[in-house]
Amino acid sequence: MDSHQEWAAAGDDRAIRFTGNWREYLPIAATNALLIICTLGVYRFWATARQRRYLWSRTQIIDDTLEWTGTGKEMFIGFLIVIAILAPFFLFIQFLFPALVARGKLDAAGGILFLFYIALIYLGGFARFRALRYRLSRTYWHGIRGGSDDPGWNYGGEYLGRYALTIITMFIMFPWATTRLWNSRWNAMSFGPLQFRASLNAQGLKARWALVYAAPIVAMIAAFGLIAALGIGFKPASGPNPTLGGVFLVIILLIYVAIPLATLHWYAKFFRRAADETKLGNLEFGFDATTLQWLGLFLGNLLLAVVTLGFGLTYWGYRNWAFMVRHLHVYGTVDLADMTQSKTHAPREAEGFADAFDVGAI
Amino acid sequence: MDGKLYDGVTAHPHDVRVKAADGRIELSQATGWSDSVEGNLLKRMDAPAGTLRLGRTDISGWRLMLPAEAEVELAGLLGKHERYGRWIDRFGLGPALAIGAVVTASVVAIGYIAPHWIAPHVPMSWERNVGTAIVGDFGTIRCRDAKGQKALEDLVERVAPGATRGPDAIKVAALNVPIFNAAALPGGYIVVFKPAITETDSDALAGVLAHEIAHVRRRHVTEAMIREFGIGALIRLFAGGVGANAEQIVALSYTRDNEAQADSDAIAMLKRAGISPKPTAALFDRLSKLDVKAPGFSSEFLQSHPLSDKRARKFAASFDPHASYSPALSRDDQDALFDVCRKSKASLTAF
Numbered sequence: 001m002d003s004h005q006e007w008a009a010a011g012d013d014r015a016i017r018f019t020g021n022w023r024e025y026l027p028i029a030a031t032n033a034l035l036i037i038c039t040l041g042v043y044r045f046w047a048t049a050r051q052r053r054y055l056w057s058r059t060q061i062i063d064d065t066l067e068w069t070g071t072g073k074e075m076f077i078g079f080l081i082v083i084a085i086l087a088p089f090f091l092f093i094q095f096l097f098p099a100l101v102a103r104g105k106l107d108a109a110g111g112i113l114f115l116f117y118i119a120l121i122y123l124g125g126f127a128r129f130r131a132l133r134y135r136l137s138r139t140y141w142h143g144i145r146g147g148s149d150d151p152g153w154n155y156g157g158e159y160l161g162r163y164a165l166t167i168i169t170m171f172i173m174f175p176w177a178t179t180r181l182w183n184s185r186w187n188a189m190s191f192g193p194l195q196f197r198a199s200l201n202a203q204g205l206k207a208r209w210a211l212v213y214a215a216p217i218v219a220m221i222a223a224f225g226l227i228a229a230l231g232i233g234f235k236p237a238s239g240p241n242p243t244l245g246g247v248f249l250v251i252i253l254l255i256y257v258a259i260p261l262a263t264l265h266w267y268a269k270f271f272r273r274a275a276d277e278t279k280l281g282n283l284e285f286g287f288d289a290t291t292l293q294w295l296g297l298f299l300g301n302l303l304l305a306v307v308t309l310g311f312g313l314t315y316w317g318y319r320n321w322a323f324m325v326r327h328l329h330v331y332g333t334v335d336l337a338d339m340t341q342s343k344t345h346a347p348r349e350a351e352g353f354a355d356a357f358d359v360g361a362i
Numbered sequence: 001m002d003g004k005l006y007d008g009v010t011a012h013p014h015d016v017r018v019k020a021a022d023g024r025i026e027l028s029q030a031t032g033w034s035d036s037v038e039g040n041l042l043k044r045m046d047a048p049a050g051t052l053r054l055g056r057t058d059i060s061g062w063r064l065m066l067p068a069e070a071e072v073e074l075a076g077l078l079g080k081h082e083r084y085g086r087w088i089d090r091f092g093l094g095p096a097l098a099i100g101a102v103v104t105a106s107v108v109a110i111g112y113i114a115p116h117w118i119a120p121h122v123p124m125s126w127e128r129n130v131g132t133a134i135v136g137d138f139g140t141i142r143c144r145d146a147k148g149q150k151a152l153e154d155l156v157e158r159v160a161p162g163a164t165r166g167p168d169a170i171k172v173a174a175l176n177v178p179i180f181n182a183a184a185l186p187g188g189y190i191v192v193f194k195p196a197i198t199e200t201d202s203d204a205l206a207g208v209l210a211h212e213i214a215h216v217r218r219r220h221v222t223e224a225m226i227r228e229f230g231i232g233a234l235i236r237l238f239a240g241g242v243g244a245n246a247e248q249i250v251a252l253s254y255t256r257d258n259e260a261q262a263d264s265d266a267i268a269m270l271k272r273a274g275i276s277p278k279p280t281a282a283l284f285d286r287l288s289k290l291d292v293k294a295p296g297f298s299s300e301f302l303q304s305h306p307l308s309d310k311r312a313r314k315f316a317a318s319f320d321p322h323a324s325y326s327p328a329l330s331r332d333d334q335d336a337l338f339d340v341c342r343k344s345k346a347s348l349t350a351f
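Just so you know, the sequences run in chain order A and B.
Using our numbering, the first residue of the first sequence is number 1, and each one after it goes up by one.
Using our numbering, the first residue of the second sequence is number 1, and each one after it goes up by one.
Worth double-checking, as some hints may not be accurate.
Stated by the list, open to error - Distance condition first, Cα-Cα at most 27 angstroms in a straight line; then the derived DSSO-like pairs of lysine-lysine:
1) A:Lys-343 with B:Lys-43
2) A:Lys-105 with B:Lys-171
3) B:Lys-4 with B:Lys-43
4) B:Lys-147 with A:Lys-105
5) B:Lys-4 with A:Lys-343
6) B:Lys-171 with B:Lys-150
7) A:Lys-279 with A:Lys-206
8) A:Lys-73 with B:Lys-43
9) A:Lys-206 with A:Lys-269
10) A:Lys-105 with B:Lys-19
11) B:Lys-80 with A:Lys-73
12) A:Lys-269 with A:Lys-279
13) B:Lys-80 with B:Lys-19
14) B:Lys-289 with B:Lys-278
15) B:Lys-43 with B:Lys-150
16) B:Lys-43 with B:Lys-19
17) A:Lys-343 with A:Lys-73
18) B:Lys-171 with B:Lys-289
19) B:Lys-80 with A:Lys-105
20) B:Lys-271 with B:Lys-289
21) B:Lys-271 with B:Lys-310
By construction, these hints were calculated from the structure, which means they are not laboratory data.
Since the model is a prediction, treat every value here as computed from it, not as a measurement.
In isolation and in its complexed conformation, chain B is listed as follows:
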């Protein structure tokens, strides 16, 4: 049969006669030139219907174009056509899809579940090192009024006696940041932003703090961190470029189960401390309504703590009309706490 040959040296096409002979193809020209190529050096290239296009694995640019009928004659010489990539072709499309689906589902499942089992076994001292490296002392954005700080620590002690002492002590700090938020950070740090102090009463703040303390004690923070650096990084790596995600600061998020558990713990803590859960319920109720009415406002808090009427109701339902509740803080301590950020000048607006 007749074919056209590019030798890979120049762009000039040569007319050649092609013959298949045991394990090889033999090329010849009227001028007397001839050549033979071993079948295992040949590979099929993509070409429009009606042509068979062959390349060589040892000479880049070498191409032999033949009519499509040549396929039958050369069938024995040419291996299987690479279709989806060799690692997929090995199994075939159907099985590869099935295997891929199972492996992917397992990786994702393990990536989400495993941190829950690993987290409790991570020594607190390791986490503390990470936390301290990231958090430091908060510099000028920390509210440093001594009386206010004492009141804040008293509030933590009130809901979780002994929590601010010992090697695994919880360190609580008020930050002069104008966003309604509170968060648990790696290493047992809990931060409360200014509006969460000035726009609530201390009973509701006790509920919020109890919730964050639960996150720390249940190792939810560690869990979220492992998840973020494990499966989170893996997914972002292949789903998009690292460049696009480079600006993203480590965003910790808890699972729904973790949130529910922290709520239950918080309710139990409030009960033991004799603090009414109603102000916390009212706060959550207020925030969940804000969420609907004004998207954007306090969205930071809502992102890390998805609020719903259900959560507010859960706190409200734990109110016991026969119990005797007392305020979380004395009048003086409430005032001191309210003023905790009064003297700090630096304020973080956006970063």
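Same shape as in the complex, but just chain A:
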């Protein structure tokens, strides 16, 4: 028996490949949609598990596929546990807030709402951490899984603190907060005996973030240019005001085009940089999706949903996963004999928190 083996993950052949196809996935998508509708949504936990089992098993890394071992039952129970914890809290707020407003105690109502949002942000960060931890703990490769022994309470606090600073500084600190949180999250995670190491910083991301602020101004100039070119501009108002349509155009361009596009442009670079700066043992990562490719993914998703009268929604998870895998690169070597089973505690509450706060991705 050969006890020691190294796999070269670099080279012409991509070390990570997506081997699924949409026809093979169709029966899963169709039956998932039907069962979700017929069970008042309860089936969605099992639907998620089936979807992931398919996507993971069609994701080849080097010589073997990934495996998803999470179950619908554990996700359902996890959700119920979280609801049992949070429901009294939400119900209390639901009664308290209108009661304070009705009594004219607007300051107190505002204060409660403020505290409520603070708690929501904290739990949102906590949920994100726990979802990642859960997903790694249920993801197997070569019979080895990932995980984390960090419960994530501190991460929730850090998340709250960094985003509070971001909000106070009118989102100027956003790249700083997001990159540091990426590091905190991934540095707490491991796969087998290997610890993830992330050292992302805001370098190279600040200019693109500045563009998010510049985008509305550029869009406004472009829109007014367009109005002037069309000659519907500043005529003396007689009859219906022609500038109204122009103003409307500006608002549409601003809200629906310029700002989201600039933000997407930022995220495209963020993910490329994040993958570059994250390592696992001797493995390094890369991600090569450009802004245009991201845009293609999202517009494709929208178009698919519209053309299929909504059924295409069931393919969003598939398309997003395939997109991520197709643009992800893995380089380096992994020592299989030294890659021992993870000793991290496997969490039991599944993704209940992420589910409750609606931050789950796939």
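With chain A held as given, fit chain B onto it using these hints.
Just chain B now, kept in the frame of chain A:
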């Protein structure tokens, strides 16, 4: 047959020979190592076409990869493949869908219909406790002009004699909120927002109040509340996260039937009181046109009271040219009512 084994301890793959033998599989290696696994410990894992992938229920990470042909040889050992989840597989997809559809339809139907039967049996005192806890005395947003308040109560008394007295008394309050709206709240509270007083005449306001009184008396408010906390909560729980809905304040909505019944009651009340239904019809007509022309304006009122030409016509049709109608309030009381919010400073813009 030949297979590949992960032992779940390291990532290293081992080449093994696999043999099926009564209720077990036997694994062996050229080195002399051997092992056997009971069939009931084996489970199928998802794998791309062309491979059979087995796991063990007692050792996490243990995997045996075999060519797809092995399926035939091991068929007796491996139970049925879990496809949709065990609770669905038990019935099969078709029957599960049928059962699910029937159960879901029944739950929704019961959730919507049952509150209608339960509501009349909920003691008014319970509802009053809930209402008082939520509503309180409205603090500074309430318009507290004594003469105006008296006029408002007189108007309620005019359409529904005795309604403001007794243990189940209706408590009416004017609120300094710049939205055209009136609403019945749990516990027999009726609130009228300022524009509903200053932008209408007292005859039309009488019609609106009669409509809200009907909602209270028919226990529509209780019904809506039960519906909201029963089926409403259930649907929102599974259709989306609670977080996304957390900000949502209890939104009460009446069914179409309830609205129609409240209208009929209101028409009867106006008739008995000798108040012309025409101003109410005109108000509804005006609001339904506003709805088309300027979406957003007074949308609060429209949401809780879907208006249509039909409703306006229903009020207009109840006008009797031979009846003798009198104004709902005297000139002085109308003036007092108009000024009910004059002295209150606090105004709620948006929350």
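Index of numbered hints that the structure contradicts, given in increasing order: 10, 15, 18 and 19
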